[in-house]
Amino acid sequence: MAKPPSNINLRTIRSESNRILSADFRHFNALVFLFLSPISSTLIYCQIYPIKTLISNLLYTLTISVLSLFAAGSVTYSVFHRFHGRPVKLSSSVKAAFTSFFPLLSTWLVTQLIISGIGLVLGLAFFSLFKVTQLLGLQVDYPSSYFTLLCLVHVIILMFIVVYLQVNWIFAYLIVVVESSWGLEPLKRSQILVKGMKGVAFKIVLVLSIFCWLGAWSSMLRWVVFAGDTLKIWTFLIQIVTLPASSYYMLFSFYNLVVNSVFYMYSKARHGELAQECVSLTTFDDGKVPDRVVSNV
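In this note's numbering, the protein residues as written are 154 to 450.
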């Protein structure tokens, strides 16, 4: 098990993440092949053959969501054990992906309900404000600049709230896998662990958000281009740009899971929980006692 650094930042987290990946390169490659490669292949296929029916859209969303949860469970489990110096079998990681699927799904649903509820409340508040201005005698049309500005303010406020929640909930899915909890409990637990390190958490969330926005922008641009039949050359150019982005998405998603897992371990060490955890980690997958864990304890 690596000794937690006194100063936790992105550099130390990335360094430990690279060490863990190098220590068991084949194992993590197998996890990428099992759970993240199908996501990349699905994204590439949908870029070449755009989805046009509702059923296809539902199947596409379901496939991406299920594989993402499987990846989160298996990668978190593997990084958790490798961080403590314990070898982990591929079969154990795959089993962890299945056993943690429904707890992860329930936690994801809770987060989406909370964010959707906040968005709905904000939407109703701005809609009420818009109606009040009309009752006061101000003639405001829907395509007016005032209405556009109101919508923009609503989106910006919601975006800041979502980022704030993502920073506080950055460990939620990791807690589901490692600590066997689900629902609201991982969200509350994550808020406790991230205290004092929200700056690092914000940087990680910011990098992820930028990448997601770039992916969304490229997808929207691709759909706009596909909508016209005359811009064949632009369709070809957009495919050249967006197809490699799908592969980058797979690699970035995987690395982000590893980084978050290491960050979670360091945060537990900062709160004095890592030593207690080491005592409970007394067996390998094959039932043997890990010498490195014993020596650290």
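Just so you know, the hints here were simulated from the structure itself, not pulled from any lab data. You may find that some hints are simply not true.
What the hints assert, rightly or not - If you anchor each label on the Cβ, the simulated ranges turn out as follows:
1. Phe-186 / Lys-284: 46 to 56 Å
2. Phe-251 / Lys-348: 14 to 24 Å
3. Lys-248 / Gly-425: 42 to 52 Å
4. Tyr-299 / His-424: 43 to 53 Å
5. Glu-426 / Val-306: 19 to 29 Å
Positions of the beta carbon are idealized from the N, C-alpha and C atoms, including for glycine.
A quick look at each hint next to the structure:
1. The hinted range of 46 to 56 Å is satisfied by Phe-186 and Lys-284, whose Cβ atoms lie roughly 54 Å apart.
2. At roughly 32 Å, the beta-carbon separation of Phe-251 and Lys-348 lies outside the given 14 to 24 Å, and the hint is violated.
3. In this structure the hint that Lys-248 and Gly-425 lie 42 to 52 Å apart at CB is violated, the actual value being about 30 Å.
4. With their beta carbons about 48 Å apart, Tyr-299 and His-424 fall inside the hinted range of 43 to 53 Å.
5. At about 41 Å, the CB distance of Glu-426 to Val-306 disagrees with the hint of 19 to 29 Å.
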